[in-house]
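A.B. asks: Build out the structure end to end from the sequences listed, making use of the hints.
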Amino acid sequence: MKIQEIEIDGFGAWTNLKLQELGGDATVIYGPNEAGKSTLLHFVRTVIYGFTPQRRARYVPPVYGGAPGGSIKLEGGLGHFIVHRHASMHDPLDERGSVTVIDSSGAPRDAAHLELLLGGVDEATFNNVFAIGLKEIQELGSLDDTSAADHLYKLASGLDRVSLVDVMRELGGARQRLLADGDEPGKINQLLERREKLKTDIETATTAGKRWAALAAERQSLDNEVQELEAEVSDVESSSRMVEAALEIQTPWAERQRIDQQIAAIGELRPIPEQAVEQLEGLHKRVLREKSRLKKIARRRAALEKESEDLPVNRVLVAQAPRIEALAEHAQWLVTLESQIAKLREEVLQMETELDSHKNGVQASAGLVKAKALEDLPADMMAVLRRPSQLVKEESIKLDRIRKEAEQAKQELDLLDQQVAAAFRGRGMNDLGRTIQQTGHKVALLRKRLQVEEQLDQLDRRRKELAFDGEEMSEFDETPLRVTVLLGTFFAVGVMLIGLGVVGGYLNWVDNYGAWMIFGLIMTGGSIGSKLLLERHADESMTDHRRQYEQIRNQTADAKEERDDLDAQIGPGAGSLDVRLREAEAELRELEKFVPLKSEYEAAQQKLVVLQKRQSAAEDSTKEAKHRWRTALKSVGLPEDFAPSKVREVVRGGDQVVEMRRKVAGRREELEQKEREHLVLTSRISQLVADVRITPKSDKPQLQLRQLAESLAEEKETLQHKDEILARAKNLKRFRSRCLHMIKLAMRRRQALLDLAGVTSVKAFRRVAADVAEVARLNEERLEVSRRIEQQLAGRFPEDEVSELLAAEGPSLQKKWNDRVARLEAIRNQMAVLHHRRGVCTAEMQALGSDRRLAHARLEIGMVEKQLAAAIEQWQVHGVISQALESVRQKYETERQPQTLLEASKYFTRLTMGQYQRIWMPLDKRILQVEDARGRSLSLEVLSRGTREAVYLSLRLSLVSSFARRGALLPLVMDDVIVNFDARRVEAAASLLHDFAKEGHQIIFFTCHEHIRDRFAEAEFTVRTLPARGEVVDVEPEQPKKKKKKAVPVPEPVAELPPPPPAPVIEEPKVEVDINPLLDRAYAEDLWFDPDNGWELRKLVKKPEPKPVPKPVPALNLPDSWALAPITVAKKVKEKKPKAQPAAPKVELPDSWPIAEIPRAAEPKNDTQYEVISFRYLPDSWPVAPIPPREEPKREPPKKESPKRETPKKEAVVQQPVVIPPAPAPEPKVVRKRRLVRSRFAWESPEMYWEEYDERKEDLPGTIVEVIQEVVDDR
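The sequence shown runs contiguously to residue 1286 in this note's numbering.
Be a bit skeptical, because a hint or two may be false.
[What the hints assert, rightly or not] Label pairs and their in silico Cβ distance ranges:
(1) R864 <-> S893: 48 to 54 Å
(2) F530 <-> A123: 47 to 53 Å
(3) V506 <-> L190: 50 to 56 Å
[Unchecked claim] Calculated pairs, DSBU-like style, for lysine-lysine (alpha carbon to alpha carbon, straight line, at most 30 Å):
(4) K741 <-> K306
(5) K146 <-> K84
(6) K624 <-> K415
(7) K637 <-> K415
Because the hints were derived from the structure by calculation, they are not lab data.
Every residue gets a Cβ at the ideal spot worked out from N, C-alpha and C, and that includes glycine.
C.D. replies: In structure tokens, the structure reads:
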């Protein structure tokens, strides 16, 4: 996949930036500090993987406006695609933004297609491997080198997921645990001390007492005494409970008696409402207040009535108010009428003068007509002459216009005729529509032929895969070694448990020997059943493989037959099918361009014919109009050759005179109408003034009307003021009625309260109210005391019985209670002494009856002696194995290094110009080291910053190569990662990156340093220069400079100067990256890449076949406590099984060997599906066949891009070409449900931990088991 174009709508400091033609392999983009290079790097990350909260906070909203987001045009094996991603200002921080993927045909694709283009690379991997800056390089350099070496050698030297590093470490630890040299004792020392202690316990535990019978008799006597005391306590407690309850309620009972006496002393009272005294006083105050208000209302009402009588009103003027208001509305109209009358008089006088002068002028200019003839000319004769004159003029103009259009159409037809003749003559064709149809049919056949070829390639690759898998299945027919060992272990443990149950039950070693036997039978049966189930699953997998292989063969035969039919229809031709298809498509596009030209030619022909017909018709119409003109002249007595201009002048002059007379008459009539309206309005005003009996101040109607309006307004104000006074008086009357009602209501309520209490005065009512309040208070106190008595009794005894006891006993009740309490205390003390003595006897009896220390000590000392012998033997075995593994370590360290480090060493040697030769990792020290030209090994801590960054840049390039071989060919975007290099290393880096780009990798390098830009330009990089921020431009590529040939410098140690301090740049927080998964991934890729076919291989589940007869091998005694390394188990990881090896040696396992973690069985092959990730043509839909993903063989990038198809414009065509739709590719008959898996090459992906043997290295030693076997045989 390559980046073709970058278009930013709005992101950080960039708005409407467009970078085109980025499809080259090597591009350097130059810009000074703060030019926006890091913004471009983050924009690429954002469009591909979305807006993170950090990017939103930093780059949204854009500085110079615009919609946040943009697009990137990508090119890959699947075609051209444009990825759009935009965000909204109001989106939440965790919103990634809306993404749209558009293919080359303009059709939208779903977001999953973007993951297919990325090859399964997740965001963290892309940000730390493919799109990196100086910060990512420095963060990678700060990781723990020991951890990196440890992980790398776990892959390089492990056997079946067992790390050699862990094994050697565990062997040393096991020997230390068995026999320690320091203060902490080892296992052997602990066993010796335990044996001595057990001997001492046996000697001291040989005697026991005979006190058990005496202690039993004593305990029985104590039980009898305790029962007698408990019966006495029960009797005393039952008689003391009522006395206790009476003592508790004695005080509240006396208080309640006192309250009852007070209530009886007050006597019986009538009930009155609460706060009755306050209500009575409030009613009395209300009566006094309302009476005072009545007096105020009477005084105010009299004053208002007197004021109303003093206001005079002109009733006649008020009655004529509608007439006055109506005339007032016509005041403006009156002014307008007067101005219009004066204006109309002036216009009539002026128009009469103009009429006389115009009439005289027309008569003088006509010449042939007398002065009186113009006025007497009949109107019908003027109409007869006017119409023929106009008709002659119109037809003449129409004829001239049609003649010009006909000449222009003939010229256009001649030009199109020449173009059509030249086009058809050059191509030798007569019928354009038929030629387009034939060419379209040919294009459809060629497209279908290419699809069939693609289908055959897919089927052939699938057939090879199935054949390869079949060979693997037939070769690895047995159950995997680790599974066999695991099942054997379970079977052996089960047999041991069965034996332990049988022998232990017979010799009384174990209490529940049946459980041991059942558990042993379960483990034995489970291991046998698992073995049978695995063999059955292997047989089913082989059958399914044969069926799929037969289906592929049938589909291949059908596809070949269809290919032959298409070849026969297409016919022979020069060049490949792709070239012929492009030529046919180009020819079809050229033919379609002639369709509009042909249509224009035919339309021009039709237009010329139509214009010629219109010209003939126009000539006939002109002749007819001239004949009618001569006839009209004869009819009015004029000669036929009389000029039309003079006739038109006479006719036009007569019309103008008539029109002017009509206008003068209209103006006179309008003037008379306005004068009549003015007279009517003036008469109405004068009559109204006389009716209202007002003396006018002026004779002008306008002033009289204004005087009427002012008088009416004054009378209305007086009348309104009088109405307001009467309304207020009416309101006062209503308030007076309300006050009287309130006085009566308050007096009735006061009398009702007195009648309720049975008194006649307010003083007596207050005394009754005080007595009622006192009785209520006493009742509340009595209720509260009764509630307390009830709570204290709590239902234990009836209140009546306790009251009788209190009345009868009186003061002696307390003395009686004290005697009973003293008796209970004495009995309980005696019972406590008896219970303590009984517990002592019981404890001593249990201790005498359960003492089995002697038997346990004898059994344990035997087990300790056996463990001591086994530990000594185990220590010896660990020593032998440690020596064997040491020889293996030395061999692996010198001859086996991961392929990723080998490639990184090559890049590192070029970057340092031979000063350093390789990057390697020793096993014993577990640190990452480099080797210089003299063969000295140096750790990374002693290197300079620039050299360390060169090491990690080399590892980056090696990882990118490993990803590319596994199908993830992504562009490499770097932002000033070599700023710490000197001039010579910059030149070496430019040369290395240029060669790296020639291998098919796209490199986009950002820099702010001119010397780096110049060195990259000399290395034939395409140079771009970024514009200033805020500008809207399209960045065009600069011409690359020719690379200067320089002599290869002799490598010398160069003292590196510290780089200039970079400009402060706020970077978004990065996820800490662990180098170990990257190295693990690269190493796994080295083991699985096959250079012969270029595909990435994933092994299926190994399917056993009939077992071969194992060869006898000598027994190997392994140590007891050899701890196996934990096995990393991942879902759906198909591990490649090594070639057939000699049968593993027989292993004798002791009873106390700790079992390592059980690995999870691999999932069945049929539950996994694969899809093709590399093909030439991308149809709208394709079948998903169960083919494991792998990469095509590496090819040289094409020098020329295939011509892009242009969408023809929508124009008129003669006939649409016939398009034959391509036949859909045949789908497999068995398509299983696709399972959701994690992204490939992700940090947590199981593919990060593939550990297989490299079959390409023929001179490597055998596996660890073989080496151990050889060492044991020698000894």
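A.B. asks: Does each hint hold? Answer for all of them.
C.D. replies: Consistency of the hints with the structure:
1. R864 <-> S893: 48 to 54 Å: violated (41 Å)
2. F530 <-> A123: 47 to 53 Å: Roughly 50 Å apart at Cβ, these two residues keep to the hinted range, so it holds.
3. V506 <-> L190: 50 to 56 Å: violated (32 Å)
4. K741 <-> K306: At roughly 16 Å apart (the allowed maximum being 30 Å), K306 and K741 satisfy the hint.
5. K146 <-> K84: holds (27 Å)
6. K624 <-> K415: holds (14 Å)
7. K637 <-> K415: Holds, because 22 Å separates the two Cα atoms, which is no more than 30 Å.
Taken one by one, the earlier hints fail for this structure at numbers 1, 3, listed in ascending order.
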